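Work out the full structure: start from the sequences and follow the hints.
Chains as they are written, first to last, in our numbering: chain A, 1 to 379; chain B, 1001 to 1379; chain C, 2001 to 2379.
No lab work stands behind these hints, which were simulated from the structure alone.
Any given hint could turn out to be false.
Derived DSBU-like pairs: lysine-lysine, alpha-carbon spacing no greater than 35 Å straight-line [stated by the list, open to error]:
hint: 1; chain 1: A; residue 1: K127; chain 2: B; residue 2: K1102
hint: 2; chain 1: A; residue 1: K114; chain 2: A; residue 2: K102
hint: 3; chain 1: A; residue 1: K307; chain 2: A; residue 2: K183
hint: 4; chain 1: B; residue 1: K1127; chain 2: A; residue 2: K127
hint: 5; chain 1: B; residue 1: K1070; chain 2: C; residue 2: K2102
hint: 6; chain 1: B; residue 1: K1017; chain 2: A; residue 2: K81
hint: 7; chain 1: B; residue 1: K1127; chain 2: C; residue 2: K2127
hint: 8; chain 1: A; residue 1: K182; chain 2: A; residue 2: K307
hint: 9; chain 1: A; residue 1: K114; chain 2: B; residue 2: K1109
hint: 10; chain 1: A; residue 1: K81; chain 2: C; residue 2: K2263
hint: 11; chain 1: B; residue 1: K1263; chain 2: B; residue 2: K1017
hint: 12; chain 1: C; residue 1: K2127; chain 2: B; residue 2: K1307
hint: 13; chain 1: A; residue 1: K70; chain 2: B; residue 2: K1027
hint: 14; chain 1: A; residue 1: K127; chain 2: B; residue 2: K1109
hint: 15; chain 1: A; residue 1: K109; chain 2: C; residue 2: K2127
hint: 16; chain 1: C; residue 1: K2070; chain 2: B; residue 2: K1081
hint: 17; chain 1: C; residue 1: K2263; chain 2: B; residue 2: K1017
hint: 18; chain 1: A; residue 1: K211; chain 2: B; residue 2: K1027
hint: 19; chain 1: C; residue 1: K2263; chain 2: B; residue 2: K1027
hint: 20; chain 1: A; residue 1: K109; chain 2: C; residue 2: K2017
hint: 21; chain 1: A; residue 1: K114; chain 2: B; residue 2: K1070
hint: 22; chain 1: B; residue 1: K1127; chain 2: C; residue 2: K2263
hint: 23; chain 1: B; residue 1: K1017; chain 2: C; residue 2: K2017
hint: 24; chain 1: B; residue 1: K1307; chain 2: C; residue 2: K2114
hint: 25; chain 1: C; residue 1: K2114; chain 2: B; residue 2: K1070
Keep in mind it's a predicted model, so treat the numbers as computed, not measured.
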Amino acid sequence: QTTSSDSLGVDIRHTSKGFQFTTPDNKFQLQIAGRLQFRYAFSADQDPLTFDDYSAPNQHVFKINRARLKVGGHAYQPWLKYYFEYELGASRLLDFRVMVEKWPWLSFKVGQWKMEYTRERSISSGKQQMLERSLINRPFTIDRQQGASIYGRIDQGGLADFNYHLAVLTGMGRGARENDDKKLMYVGKVFWNFLGDGPSISGSDLGYHDKPQASLALAGATNTSPYTRFSSSGGGELLEYQGGVPGQYDVEQWVVETALKYKAFSWQSEYHRKRINDRIGGDTGHLAGFYLQGGYIFNHGAVETGKPLLEVAARYAYYQPELSLPNNSEEEYTLAVNCFFNGHLNKLTADVTLFDFDELSMNREANDWRVRVQYDFSF
Amino acid sequence: QTTSSDSLGVDIRHTSKGFQFTTPDNKFQLQIAGRLQFRYAFSADQDPLTFDDYSAPNQHVFKINRARLKVGGHAYQPWLKYYFEYELGASRLLDFRVMVEKWPWLSFKVGQWKMEYTRERSISSGKQQMLERSLINRPFTIDRQQGASIYGRIDQGGLADFNYHLAVLTGMGRGARENDDKKLMYVGKVFWNFLGDGPSISGSDLGYHDKPQASLALAGATNTSPYTRFSSSGGGELLEYQGGVPGQYDVEQWVVETALKYKAFSWQSEYHRKRINDRIGGDTGHLAGFYLQGGYIFNHGAVETGKPLLEVAARYAYYQPELSLPNNSEEEYTLAVNCFFNGHLNKLTADVTLFDFDELSMNREANDWRVRVQYDFSF
Amino acid sequence: QTTSSDSLGVDIRHTSKGFQFTTPDNKFQLQIAGRLQFRYAFSADQDPLTFDDYSAPNQHVFKINRARLKVGGHAYQPWLKYYFEYELGASRLLDFRVMVEKWPWLSFKVGQWKMEYTRERSISSGKQQMLERSLINRPFTIDRQQGASIYGRIDQGGLADFNYHLAVLTGMGRGARENDDKKLMYVGKVFWNFLGDGPSISGSDLGYHDKPQASLALAGATNTSPYTRFSSSGGGELLEYQGGVPGQYDVEQWVVETALKYKAFSWQSEYHRKRINDRIGGDTGHLAGFYLQGGYIFNHGAVETGKPLLEVAARYAYYQPELSLPNNSEEEYTLAVNCFFNGHLNKLTADVTLFDFDELSMNREANDWRVRVQYDFSF
Chain A
1 QTTSSDSLGV DIRHTSKGFQ FTTPDNKFQL QIAGRLQFRY AFSADQDPLT FDDYSAPNQH
61 VFKINRARLK VGGHAYQPWL KYYFEYELGA SRLLDFRVMV EKWPWLSFKV GQWKMEYTRE
121 RSISSGKQQM LERSLINRPF TIDRQQGASI YGRIDQGGLA DFNYHLAVLT GMGRGAREND
181 DKKLMYVGKV FWNFLGDGPS ISGSDLGYHD KPQASLALAG ATNTSPYTRF SSSGGGELLE
241 YQGGVPGQYD VEQWVVETAL KYKAFSWQSE YHRKRINDRI GGDTGHLAGF YLQGGYIFNH
301 GAVETGKPLL EVAARYAYYQ PELSLPNNSE EEYTLAVNCF FNGHLNKLTA DVTLFDFDEL
361 SMNREANDWR VRVQYDFSF
Chain B
1001 QTTSSDSLGV DIRHTSKGFQ FTTPDNKFQL QIAGRLQFRY AFSADQDPLT FDDYSAPNQH
1061 VFKINRARLK VGGHAYQPWL KYYFEYELGA SRLLDFRVMV EKWPWLSFKV GQWKMEYTRE
1121 RSISSGKQQM LERSLINRPF TIDRQQGASI YGRIDQGGLA DFNYHLAVLT GMGRGAREND
1181 DKKLMYVGKV FWNFLGDGPS ISGSDLGYHD KPQASLALAG ATNTSPYTRF SSSGGGELLE
1241 YQGGVPGQYD VEQWVVETAL KYKAFSWQSE YHRKRINDRI GGDTGHLAGF YLQGGYIFNH
1301 GAVETGKPLL EVAARYAYYQ PELSLPNNSE EEYTLAVNCF FNGHLNKLTA DVTLFDFDEL
1361 SMNREANDWR VRVQYDFSF
Chain C
2001 QTTSSDSLGV DIRHTSKGFQ FTTPDNKFQL QIAGRLQFRY AFSADQDPLT FDDYSAPNQH
2061 VFKINRARLK VGGHAYQPWL KYYFEYELGA SRLLDFRVMV EKWPWLSFKV GQWKMEYTRE
2121 RSISSGKQQM LERSLINRPF TIDRQQGASI YGRIDQGGLA DFNYHLAVLT GMGRGAREND
2181 DKKLMYVGKV FWNFLGDGPS ISGSDLGYHD KPQASLALAG ATNTSPYTRF SSSGGGELLE
2241 YQGGVPGQYD VEQWVVETAL KYKAFSWQSE YHRKRINDRI GGDTGHLAGF YLQGGYIFNH
2301 GAVETGKPLL EVAARYAYYQ PELSLPNNSE EEYTLAVNCF FNGHLNKLTA DVTLFDFDEL
2361 SMNREANDWR VRVQYDFSF
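Next comes the structure, spelled out in C-alpha cells:
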C-alpha cells in the first residue's frame, strides 16, 4: 500500500486531544478522545421559556448530559485535517469536517460544524467558564450547519491582527439531508485581536496571561429557510413562530463580541440583533439580547503544586423576544464556581441562577431559582 | 500540554478488554474492544408473555442480537476510571460512568450503568452461562439507571468478607433526560463472601476453582416513577399495568441470591418479591419469582491443550405475576450446551427451552418449545 | 489473561484500512478507519422516481452524504476475522460480520453485510468509479441482509478460476430483528475469472493492469417477505407495490455481469430480471434493466510523480418497471470526471446526468438534468 508506513517509528502519546498516533513521516495522525458530562439540576435543567415553565413541578434531575466520542487528526499531508464528534447519548453526528490548513491566512473547511458566529456557542461545552451557555444562546445561535468556508489570520501578532471566517451553508441545520430551496445561508465573522494573538476560544484564563489578550469581533448572518432557530437537534422554531414551509422565513442577524484574558481574569460579552421576516404571514419580528460575563481564578499558583484551580464567575443576560413589545423581557443572573482538577478536562462546576420573566403585554411576570452541579471528564 | 507523555514507553497489548494503551507513568490508559452476538432462534426469540404468544406463527429468526463497542481505561490517576459501552445495532448508549477506586473499601461511581441488584442482570450478556437471562429477568430487573453510588469491600478474604453497593438514582431508566418528580430510586446490595473472595460476576467456572467460592447476597430497591419495569429500552410497563403518569407507581422489591463456583461446577439462584402500588388507581400488585441454575464443564483439562471447553447447564425458573391469583404462573425449563473456544470471548451456545403457561384465573394454559443457537465473539 | 501479549512487539502502521495494530504472534489485529463523503447536488440529489419528481422545485443540496466508522481485524487466529461499519450520520449499523477464512476454497461468514449479488452494490461507496450507483440499483439490489454464507475460490489463476458465494438469509433487510415467517432468502453467485485473478471489487483501473483482468458473473436470488426492494434503510416497497404483510411477496431475480480492467481502462455491466409475485393480490410483476459503464485514466504515469490521476467515465442505464407495459422506461446518461489525489481514499468526483422518463401507458414523458460534485476522504 502506498499509504503504509514503517511500524518502528509510530509516535504514541496522550495529549489534551486523547491518545494520539502519528506515523514517522507525519503524513498520518489519529487522535481518539471521549468526554462525559454528568449533571444534577434542581428544580429543572432547561432555562424556562414560557410563563407556565415558571410554575412547573420541581424535579431532581440527574443525567448524562453529554457523552462524546471525538476522533481527529490528519491524513496524506500534515495540513489535510479531519475531525468528527459523535454524541453517544442522543446518537447524533455533531461535527464531521475536513480542513485544508496549509497557509495561515487562507484555510478551507467543508462539512458540518458549529459556524463561527458567537463566542459562547463556539466554545466547546467542555471548555465553558459557566456550567452552560446563557439564556440568549437559544434565540440567536446559528449552531451547526453544513457547507463550506474559507478562513484565516492576517498580520499575525501586529496591530492589524485579524481572524476572518466566511461561509456558505445550506442553512437547514445539523443533520439535514435536503435543502428547502435554492437559497443558502451566508455567514461572516471578523475578529480584531488588537493586543496580539487574541484570547483562545475557551472559557477562563487557565493559562494566566501576563500580557492581556483581547479581541473585538463582529459577525453577521442571513438565511432563508423554514426555521427561526437552530440547535443540536437541527432546525426548529422560536416561540410565537409556527412550523415553517420551504423558504418561509428570511432571517438577518448580527452580533458584536468582546473577549479578554489577563492575569487569571477573563471577560466576554455579546450583543445580538435578529430580524425575522415571515414571507407567508407577512409579519416581521425584531429580537435583541446581550450577556456580560466575567471570572477570576483565585489560586492561579496552585497549578505548580498540582492542586486544583478555583474560579468564581458571574453572568448577566437580557433578552427581548420582540422589540415592539418593549416591556417583555427575560433575564438571567448566574453565579458559578469552578474547581479545575486538570483544567477543563477534569472539572467540577456548580451554579446558581435567578431567572426573571416579564411579559407585561399580557400583564404577568414570574421568577425562579435553579441550582446545578456538573462534573466534566475528558479522556 | 500537561497531559502529554513520553512516546517511547507507551505500553500496548491485547487483553481480555481488547487492545490496551498505557502511558509509561500509568496516568492514562485506554482499552478498545468490541463484541458481536449472532443468534438463531426457532420458533421465536423472545420469551412468550401472553397466552396469545403461545400460538404465534413460527419463524426462523436470525439476527445480530448484540453489537457492542466498549471503551474503558483511566485518566489523570490510575484510580480515576471510565467506561462506556454503546450498542451499535440499536444505536443506544448503554454504560457511561466514571469511578473513583482509590480505596478498596470505599469507591464512588457516577453515570449510567446496570445497578448492582441481581446477579443474572449484572453478568454481562457476553459472560452468561446460559444463552440468555431467565424468564424472571423481565419483571424484576432494575436494569440501567442514572445516578451515583458508593461501594466497596470490607475485611477482604476473612469470614466477614462483604461487598456492598448503595446507590441513589433518578429511577427513570436508561437514556432518560428528565426526572418525573422530586422522588428518587434507592438501591442497596450486600454480598457475604463466606468462603473468601466470592465468585466473579460471570457465568460458568472457567477458572476451575480448587477451593469453593461462594456468596450469599441480599438486595432491595424502592422507586416512585411512571414505570413498573425497566429494560435496555428504558422504562416501561408490565402486562396489566397501563402507561403511567409522573409518580404513579410506588415500587418496592427485594431479592436473595446464592452463587458458587467449585471445580468446574457453578451454581446460582435468585428469589424475588416485588410490590407495585398504583397511587392513582389505588390497586396494589404482588409479584414473586425465582430461578435455580447450575452447570458443569466436562473437560476442564482441555484448556491446557488449547482445545475448547464443553459445558452442560440447566435452569428452572418460576414466575407468579400476581400472588393473589396463585394459580397463574409461568415456568421455564432450559438446557444449554456451551463450547468455549476462548472462554466467554469466543463461544458457541445452544439451548432448548420448554415454557409452561398457566392462567387458571381465565381457565387457560399453554406450553411451547424453543431452540436457539448463538455465537458470541469479542475482540 | 491468556489473550495478553508482549507489548514490545506490537506492530503499528497506517494502511489503506486506517491505523492497524497487530500483536507479535499475529493472533490479534485491529484496524480503525473512517470515511467522509461530502456532496453538492443541483437540482436534486436522488434519482427521480415518478413523473412528478421531474417537476419538483430546484434545490442547492449540500450534505455529509456518508460518514463511516470502520473497524476490522482478526482475533485468536489470523483466519478468524471480523469487521463492522457504522454510519454515523444516520446512526445505523451497516456491516457486522465474522469470517472464517482458513482455506481459500471454503470460507464461512456470519452476520450482516452486502450480499454478493451485483457488482455495483458490492463495490463500496468509497471505491466507485461514478459518483453514485446507477438508476437500476434501487429496483434490483438485495442490499444488506442478515444470515450466513459459504464462499471461496477454486483453481486459482487457471482457466477454470471461479469465485462462488452461497448464502442463506432471513431476507428482511438491514437491521431487522425478526423474520416474518419460516421462509428464507437464498442467494448464489458465481464469478468466472477467465483471464486469471479477476478484477477487484472496486471501480477504475487505478493499478494499471498490463494483463487484462476480466470476469463474467451470474447470480440469482429468491425470497419471500413483505418487501419488494431493499436499501440501507432496510426493507421497503417499489412504486406500485403496497406495504406488504408477512410472506406477501415472492421474489425471484437474476443478474448477468461483466467486468474488465486493462491498461487504465475499466468496464462493467449488469443485466437484470426480477419477478414479483403478490401472493395476496394475485398479480405478478416483471422488471428488467441494465447498465453499461466504462472509464479511462488519461495520465496513469502521474502516480509515480505523486500527482493526481484523472479519469473520465460514462454510464448508460435503462430500466423497465413492468415488461407488460413495454413503452414505460427510465434512462440515465451520466458523464463523470474523477480526480484521484490518493486513489479512492482521497478523491474529487463530478458528474452530469440526463434522465429520460417515458410513461406512455399514461401518455406522458419527461426529462431532467442534474449536476453533482463530491469529495470522498478516508483516514
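Consistency of the hints with the structure:
1. A/K127 / B/K1102: holds (27 Å)
2. A/K114 / A/K102: holds (21 Å)
3. A/K307 / A/K183: violated (53 Å)
4. B/K1127 / A/K127: violated (39 Å)
5. B/K1070 / C/K2102: holds (28 Å)
6. B/K1017 / A/K81: Holds, at about 30 Å.
7. B/K1127 / C/K2127: This hinted pair is violated, its Cα atoms lying about 39 Å apart.
8. A/K182 / A/K307: violated (56 Å)
9. A/K114 / B/K1109: holds (32 Å)
10. A/K81 / C/K2263: holds (33 Å)
11. B/K1263 / B/K1017: The hint holds at about 25 Å.
12. C/K2127 / B/K1307: violated (41 Å)
13. A/K70 / B/K1027: holds (20 Å)
14. A/K127 / B/K1109: holds (23 Å)
15. A/K109 / C/K2127: holds (23 Å)
16. C/K2070 / B/K1081: holds (26 Å)
17. C/K2263 / B/K1017: Since the Cα atoms of C/K2263 and B/K1017 sit roughly 47 Å apart, the hinted pair is violated (cutoff 35 Å).
18. A/K211 / B/K1027: holds (33 Å)
19. C/K2263 / B/K1027: Measuring from Cα to Cα gives roughly 54 Å; hence the hint is violated.
20. A/K109 / C/K2017: holds (24 Å)
21. A/K114 / B/K1070: holds (28 Å)
22. B/K1127 / C/K2263: violated (53 Å)
23. B/K1017 / C/K2017: holds (22 Å)
24. B/K1307 / C/K2114: Holds, because 33 Å separates the two Cα atoms, which is no more than 35 Å.
25. C/K2114 / B/K1070: Measuring from Cα to Cα gives roughly 25 Å; hence the hint holds.
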